[in-house]
Structures are given as C-alpha cells and as structure tokens.
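Given chain A's structure and the hints, the job is docking chain B onto it.
Residue numbers (the numbering used here), protein chains in the order written: chain A, 1 to 305; chain B, 306 to 1008.
Honestly, the hints are just simulated from the structure, not real lab data.
C-beta: ideal position from N, C-alpha, C; glycine also.
One or more of the hints may lead you astray.
What the hints assert, rightly or not - Each computed DSS-like pair below joins lysine-lysine, with the alpha-carbon atoms no more than 25 Å apart: (1) B:K645 to B:K601; (2) B:K981 to B:K959; (3) A:K144 to B:K426; (4) B:K414 to A:K109; (5) B:K414 to A:K117.
To be verified - Computed from the model, here is a short list of chain A residues facing chain B with C-beta under 7 Å: (6) T8; (7) F20; (8) K31; (9) M34; (10) L39; (11) H42; (12) L132; (13) S139; (14) A140; (15) P222.
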Amino acid sequence: MKPTYSFTLSRRDRITVVVFIFLLLAWELIKLFMPSPMLQKHLPTDSEQQTPILTQEKQQKNKADKPFRNRSFVPSTSAPENSEVTEVLEPLDIMQATAEEMAAIGFQKNTARNITKYRDAGGTLENKEALLRIYGMDSAQWNKVSNLIIFKEKANVAATKKPYDPNRFLPKRIIDLNTADIIDLDSLPGIGPVFAERIVKYRNSLGGFHHVRQIEACYGIPPETIEKILPLVAIVTPVIPKRIHEIDWSTFHHPYLEYKFRPMILSYQKHHGPLLSESDLRNVFPPDTGWCDQLLPYLSFERSE
Amino acid sequence: MKAFRTLYYKTGNNMINLRNSPFLWFAILLIVANGLCDMTSEQPFSSSFSMMLAICTIAGVFCGRRYSSKRTLWPTLALSLCILTAGAVRYNSYEHSLFPDPVLAKPTKVHLVAEVSKVLKVKDRATTLKCHLLEANPIQTDAKIPGDKFILIRIKGNPPAFLPGDQLSAPGWLMPIQASLNPHAFDLQAYYRTIGIRHQMSCADTAMQVVAGKRLALMRISAHWQYKMCKVIRSNTSDQVAQLTNALVFGERSSMDAEIRDAFSDAGAMHVLSVSGMHMAIIYSLLYLLLGPPGKGTLRKRWWRLSIYTISIILYMAITGASPAVVRAGIMIMLFILGKSMGWNTGVWNLLGFAAFLMAWQDPFIWKNIGFQLSFLAMAGILLYTQPIIRFLSFKSIVLHRIWQITAVSLAAQIFIFPLILFHFHQFPLTFALSSLIAMPAGYLIIFGALLNILLSPLSIDLLWSLFDHTGLLFLTSMQWLAEINPHMNFSMPLSTMIFLLAAAVVFTAGLMYQWTSGKPWATGCLIAAILSLSWHRTVQWTRSDLTMYHNYNGFIVDLFDKGNCYSLQDSTVSDVQVEFVARGQRVYRDMISHTRLDDHQAYARANRHFSVDGFFSSNLSVSFWSRNVIVGKKQGHTRYLVIDKSEEPELLKDFLKQNPDVFTILPANADRRLKSQLIDFLHQNNLRYHDISTAGYLSIPL
Chain A
1 MKPTYSFTLS RRDRITVVVF IFLLLAWELI KLFMPSPMLQ KHLPTDSEQQ
51 TPILTQEKQQ KNKADKPFRN RSFVPSTSAP ENSEVTEVLE PLDIMQATAE
101 EMAAIGFQKN TARNITKYRD AGGTLENKEA LLRIYGMDSA QWNKVSNLII
151 FKEKANVAAT KKPYDPNRFL PKRIIDLNTA DIIDLDSLPG IGPVFAERIV
201 KYRNSLGGFH HVRQIEACYG IPPETIEKIL PLVAIVTPVI PKRIHEIDWS
251 TFHHPYLEYK FRPMILSYQK HHGPLLSESD LRNVFPPDTG WCDQLLPYLS
301 FERSE
Chain B
306 MKAFRTLYYK TGNNMINLRN SPFLWFAILL IVANGLCDMT SEQPFSSSFS
356 MMLAICTIAG VFCGRRYSSK RTLWPTLALS LCILTAGAVR YNSYEHSLFP
406 DPVLAKPTKV HLVAEVSKVL KVKDRATTLK CHLLEANPIQ TDAKIPGDKF
456 ILIRIKGNPP AFLPGDQLSA PGWLMPIQAS LNPHAFDLQA YYRTIGIRHQ
506 MSCADTAMQV VAGKRLALMR ISAHWQYKMC KVIRSNTSDQ VAQLTNALVF
556 GERSSMDAEI RDAFSDAGAM HVLSVSGMHM AIIYSLLYLL LGPPGKGTLR
606 KRWWRLSIYT ISIILYMAIT GASPAVVRAG IMIMLFILGK SMGWNTGVWN
656 LLGFAAFLMA WQDPFIWKNI GFQLSFLAMA GILLYTQPII RFLSFKSIVL
706 HRIWQITAVS LAAQIFIFPL ILFHFHQFPL TFALSSLIAM PAGYLIIFGA
756 LLNILLSPLS IDLLWSLFDH TGLLFLTSMQ WLAEINPHMN FSMPLSTMIF
806 LLAAAVVFTA GLMYQWTSGK PWATGCLIAA ILSLSWHRTV QWTRSDLTMY
856 HNYNGFIVDL FDKGNCYSLQ DSTVSDVQVE FVARGQRVYR DMISHTRLDD
906 HQAYARANRH FSVDGFFSSN LSVSFWSRNV IVGKKQGHTR YLVIDKSEEP
956 ELLKDFLKQN PDVFTILPAN ADRRLKSQLI DFLHQNNLRY HDISTAGYLS
1006 IPL
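Next up, chain A with everything else stripped away, as it sits in the complex (with noise of 0.2 Å):
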C-alpha cells in the first residue's frame, strides 16, 4: 500500500503563527510608544557658570591659552567619508605647504605630516615620483591633488642643492651584457640571482645581445630596474653571427623566429633556392618584415672560403 502522509497547518497552527509573528513585532513596535528622554541645556566650561556637583581644578596658567579649540562635539552635519574639495583652491606649493594647508586640499593628515618632516629633514619633492616616495602617498591621494600642488624647489637651498643622484653610492663598473655571467649581474642594483639567471638563458638563446634594450624581453624585470641598470651596462663583445647558408631551417631555433616563419622559410627554399641575400629573407613574408629586422644582426651573409 502506497504510504499517506498528510502535511498541512491547521487553523489553529495558522493562527498560533500569525498571533507569534504579531507579538514579535509588537516587541520591537513598543518603544516607539516609550516616552522620550529629556535632555537639559547645558553650558559649556567656557562660560562662567559651574553645576553644583561640580568641583573644578583649574590647572590651565592662562584662560586665553586654551588648547583643543577646534575639538566639537557638534553633531549638525557629520564628516563625510571622502570629504570632496568643492571651493576653487589655489595650488601651493609643496616645498612651502604647512600641513593643515596640505590637509585642506587632500592629503591625509598622516602623509601631510610625513611630507612636512622630510622636507624638514632636507629634502627636496621635484617631481611626483618624489612625492610618491613619502611614507604614506599613494596615487589616490595623488589624484586629489595633482591639480593644487605645485613643485617648485626650496628657496634657500635650490641653488645649493644638487640633483638627486639615485646612482651616487654605485660603484661605476659597467659590465658587459654578453659575456657577464650570474655573479656580475647579481651586483647589480635590483638583479637578484633569479634575475640574472633568466637574462643569461635569454641570451644563451639569443645567440647575444646586440642591444642594451634587448634585457626588457626578459620575463619579469620591472621597467624601474631596467632604467636603473641601463648606464651600468654595455655591450663590449659583439654578437657572432650565424653563416646563413650553414643553418638547417628545420631544426633552426631563435626567440625571434616564430614558428609559423620555419614552414614559409622551407617552403621559399623549396621553390626559389637557398637564401643569400637580406632581400631574399625579406621575400619570404612581405609585407611584414619586422621580424627580419630582429633577426638579421643574428644572420651573415658571407660565404665561407
């Protein structure tokens, strides 16, 4: 027999929930009908007046020296979160700005301090790349204010004062890019051995750089790294071309070769006869010869004796 089963509320289940759910809600609904609390006026301490329960020892010297006159408890409009700038300011300039100036126009009361202290300290902020240096600027703050700072060197010590050098303390060795190995490019300035393993392989494969700019191809070295170590680098040793008639395109490999180059390379060979010449290189994949250009200082086209 197929089993019965029966699942239903009944009206005495319906009305216990809904008198339930009333009660819940009358709960909460009661303290609308609380009387509200009364509130005194008070007068703050400025004013002559003391509360009886009060007993008050003045340790202030001077009234008119009172701190913390800026401290409100004023609750008619609160802060805003991101407080926008809404009047027209004028731009300051940053090597002059006291921090409530900076504050006022955007930057955090934290940054605006740091800012104060480093100047303070003797630096100089040129250029937004040194004010993002500050302890606490970031390129929100950065966004804020880029329209109302102006940069304009220290008065008394512009003349004196010479360009930050980033460089100054290293030591002037310049190494050669093709025949360093993984310890001379470990000195350099943000090239760790991981770094300077990668640039090896890179080259190794290359056949040799031809070209300083070349290291920018190397998987994960950041764009500042390489501006910092490109007058610490040369290349001294020339890169030794391949005879182009001696290499086997079947089994040729170069990062600059891309695989679909091989079969059109073969297939040139096949129909017009063994590459000579820059042009016949260049006739196997008009118009697009960009990657010949990469490749050639890879290539000779001397015959061998």
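Okay, now just chain B, sitting in the frame of chain A:
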C-alpha cells in the same frame, strides 16, 4: 530506546526518510561532525581525538556486525558513526592544510609574493584581495612566518584591476587579523577564518609589482568575462541601473552605491542582489524556453541538451563568483537535469542533501557561512511549506492565483530563516512579500534583457538598451519607495532566543512530517521559551547602566546607556559609517529604546547623574576629558577616570597624574601616538593604573 525505535521505523513510511533521501542525513551528520570539531578545537592526532576515532570505529564495526535484513537500525547507526568519523578527519586535515603553523605573535615586516585567488572588495582608495601565499621572506628579522595557504592583502591607492591568477610582489607588515575590539561588533577575525584567512598585509599601490597570471585558468577566464560583460552594461546604461544589473546578473557588487544596497536591504529584497538559487532558477527557465524539457526526445538529443544545460550552468556559476548559494543551486539543477535526461528518480530532498554534503566535504568551514545557512534553510522552507500555504487560499482568476503562488513561496522561505535574519541583521522588512512580488518578475526581465542586449551589442544593435534602462530605473524606484515605508528596526535578539525559535520551527515541522503528536506542544513550548528569554534579555538590558568608550582610530565615541536609552558623544571627525561599524552592535544588543547624540549645549541629567561634553559625573564616579578641563577633586569613595587624547603640555599632565595617583587614565585609540607612548612609559614607571583602548579594546564602566 523503545520510543526512538518506534519513531525510527515509523519514519520509514514518511516524506523524508533514509531510503529516499540518504544524502540529506549524511549532510546533516557531516555538518554536525564539523560543528563538534569546531567547538572542541581538537588537534589532529591528539590523544582525545584518537580516542574518539577509535570509539567510532569500534562502534561502527560492532553495529555493522549486527546487520540483518529485517533490522535496519544497526547499519544506520554504523553508517552514521562512519560519516561522523570521516567528517571529523576531513575537518582536521582541512584545518591543518589551511593553518599549519601557529598564528604570528606580532606584526612582522616581510616581502611577499602571492597569487590573487579572489577580489573581495574594490573601493575608492582601497582594494582587498584574497591571495594564495607563495613566498614570504622576513625583512631584517629572522622571525618564522606561518605557512598559511591564504592571506588578505589590502592595497591602498588606485591599483589596476586584478584578476584571479595575477601574481603580486610587495613589501609590507604582515599581522594577524585581530578580533573585534568593540562589543558585539562584526567579528572580522571569525569571518575571515571561515574563508581560510588568519593574516593580513597592507601595502601601497606604488610599492607593488604585478605579473599577469596564466591565461587559461578557469577562474581567470570567468573573472575576465565578468569584467568584460559588466563593462558593456556600464557603457550602455545609466550608472545606477548598471550597478543594479551587474549585481543581479553577474554578482559584481564591489562598486555598488550604499544607497542602492540600503534600498534593497530595507525593502526586503536583498536576496535579489546576491546571486543565489533564484537567479539560477531564472537561468534554468531561460534555457528551458530555448532548449525544451531535459527529458524529451531521443537519447542523443537528451545528451546534447544535457551538455548544453550543464555547460551553461557551470559557466554562470563561474562568472558570478561561485558563492555557496549559487553552487548549491547549480549542483541541484545539474543533478536534476541529469536525472530527467536519464529517466532516473530525482528526489529533491536527496538533491539538496547531496549538494550540502558535497559542499560541506569540500569546505568543512562552510556551515558557518551565513549565505550557506540561509540558502539551505530557505530551500527547506520552500520545499516543505509552499504547497500547504498555497492551499490556504484559492482564486478563480489565474493572475491572482499566480500572485498568491509567488507570495506563498516568499512566506515559506521565511519559516526557517526568520530567526537567523533577526539575529544577524537585527531587522526584518515588513514589505518582504510585496518586494518579492516585484523583484521576481523584475529579476527575470533584468537578466533576460541584459543577456539579450549583450548578445546583440557586437552586432551594433542598441535599440533595446533604453527600454532596459527604463525598466531598471522603475525597479529601483519601486524598491526605494518600499524601503521608505518600512520602519527602521534594531531588533535585539539574544542567541538563546534564536535557538528556541529555530528549534520551534524544526520541531513543528518534524511533528507535521512524522505525525509526531508531541511535536506541536514541544514547538509551542519552544516559542514560549523564546518569548521568556527575550523578556529576560530586555529586563536585564533596561535595568543596567554603563558608560562605553569604543575603539576607533578616527575619533572618540562614548555611549551612556541608562534606563534603556542611549546618549552618545562623538568627535565631529567620525563619520556615520564608522559609528555604524563600531557602535551599532552594542547599541542593538542593549535593546536601546532611543538614541540621542548630544551636542555642546545639551546634557543628560537624572538623579545624581550628569552627562555632557564635559564628561560624566555622579555622586561616586566621574569621567572627565583632559581637553575639557573639568575635573572633580579628590573625594572619599569617589572613583575618577580621566580620558586623555591630546595634550599640548604633557609635563603639566604628568604633574597632575603624579599628584593624583587615584585617577584611572584612559587612552583612546585616536590619541596622539607620541603622547601615548610617553604617557604609557610614565604610567608604568609610577605604577599608575591605565587602560589603552587601542590595544586592550573598548572600556565599559558600570554605573
């Protein structure tokens, strides 16, 4: 025992039983095992844990040996013990994999490399990411860095948009996530622990280096697609409609205005903005319209249809971020479609149980997730109570009948989730039925319209965008209107009341389902106990008086609770949002009748008590602010507290403290750091009492 046996064998013939819904029971057992392990916090392979494992294994074997075809009780017990044991083992191994080492004792400067797992929040000047920790090297110290699987990274500034799989490298201070330092405030430590995070690090966007991740990772592809589709919506609709559509269709809520969120929350339609089972059901119904029923046609056609359904549902789950509610619905729908395609029996309770079992096994912390709890409890309520509620009323008009059906679904969903909503969110929107009535068809239109417009946009067909925009604006306006007519609630419900209410719902349902005659009286008893516990809680809170000083770095906030009313003072630098975060939990827990914020010219006075900007003064206690310069002189039996946040003359302050050693010093969190460190040294040297709110948390002084 006899009563249990009778109940056990009787349940075999009823709606939900072990034969037709085995996975439901397995899921319940697994969640119970996870809960027990969480409460006991046993370490894997400790002596008590090993003893528990041994007992369960022996009992399981014993029960298994008692099997006979006529008796099913012993095998049931054996299987239950096995599930409990397996759940405990899984919980412990999962916890160990997430948190292999003890928590960091103090903040440590590190350089770390991490891979983005999920973008949690994107705000104006801060981005919060959940990341896999790949490498963490301490800087200028040899502290041991814990090998946690996940870490929270907060990036200040305007970093580029992140996608899962991106690797970032940055220096910063690694520190454990602190427990809340305010009473009854949202516990960030507990919340982050449920998603596997114990530590956090902050860094500036300028100090960070980012490397793009592997292109072919599924989460990355789906996040990329979500980003692209949200961009299409943003460029073709008004700002508010774009935010609504992106949240409703793609689950992208990180850039949503608080205004829209509050409107939906107050109107009782917040579930529309969180991608959940309702959205999955809408997607299924759209697919149903396009592809037809899953069980129709030849086997080959059914397989094709099944593949398209499954791929679409998985893609939608991935694009919307795979929240627990969406995953639950997705698993259920896929299994349902599979069953229909194959001609198998598709018991919905078994599907629900299987989804819960799978999710609880994969993530043993998930039972603590409020989304998981609400999703399953709402589904249970809908499955059990929709038909009985529909049967209350009947209409001849099909339109009215459909409206009543939708309303019945909303009512049924509330049965089990009502206590949780009141407990966690302290409010219950009274217009939830009406808002659901509007939200469900509007949801259909928004999802359908968005997907259609996105498909047509590559073909440069933009005719429907303006109609879509108008629909969205109408929906928003209706929600805002409903939000305005709802009274603002701060329902204070203690944990005991929530448990009694939930128990009442469960026991009542069990009584109906298994024809258990004692069920309804027990449920009524639970309701009465809930009312009594609520009354007790209110009596206690309204008869207590205290002064609470909160922990807040941006300004000083102090609340006086007296006779159920709350009077507060706060610095003008504190925003409403900060006050809400810091103080709302306590104010709600105290079941306050009213809240009044005092200004410079207002004071609260009752009996011998006086509270104003100058401080709090009574016959036996005074709390003064050093900056206000109103300090009670030394008196017998009178306790004096002094709040110090600023002092232009620290030497004067130190002299005062030396001359008045009875004064208890309070250092708020927003106090000047240099002054605070000087004072703390001074107070230590002179053996004077103090409370530093920034490290020790809030201070509550009973009156």
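Evaluated hints:
At roughly 9 Å between alpha-carbon atoms, K645 (chain B) and K601 (chain B) fall within 25 Å of each other, so this suggested pair holds. Pair hint K981 (chain B) plus K959 (chain B) holds up; C-alpha atoms about 12 Å apart against a cutoff of 25 Å. Taking the CA atoms of K144 (chain A) and K426 (chain B), the gap is near 21 Å; set against the 25 Å cutoff, the hint holds. Taking the CA atoms of K414 (chain B) and K109 (chain A), the gap is about 24 Å. The hint holds against a cut of 25 Å.
The suggested pairing of K414 (chain B) with K117 (chain A) holds, with an alpha-carbon distance near 23 Å, which does not exceed 25 Å. With its C-beta approaching chain B no nearer than about 5 Å, T8 (chain A) sits inside the 7 Å limit, and its interface hint holds. For F20 (chain A), the shortest C-beta to C-beta distance to chain B is roughly 6 Å, which falls under 7 Å, so the interface hint holds. For K31 (chain A), the suggested interface contact is upheld, since its CB lies about 5 Å from the closest CB of chain B, less than 7 Å.
Against a cut-off of 7 Å between C-beta atoms, the interface hint on M34 (chain A) holds, since the closest Cβ of chain B lies about 5 Å away. For L39 (chain A), the interface hint holds, since its Cβ comes within 7 Å of a Cβ in chain B; the closest pair sits about 5 Å apart. For H42 (chain A), the interface hint holds, the least distance from its beta-carbon to any beta-carbon of chain B being 4 Å, beneath 7 Å. A distance limit of 7 Å between C-beta atoms decides the matter here; for L132 (chain A) the minimum to chain B is near 5 Å, and the interface restraint holds.
Interface hint status for S139 (chain A): upheld, as the beta-carbon distance to the closest one in chain B is roughly 4 Å, under 7 Å. Below 7 Å, beta-carbon pairs count as interface contacts, and A140 (chain A) has one with chain B at about 4 Å; its hint therefore holds. At a threshold of 7 Å, the smallest CB-CB gap from P222 (chain A) to chain B is about 5 Å, leaving the interface hint in force.
When each numbered hint is compared with the structure, no violation occurs for any of them.
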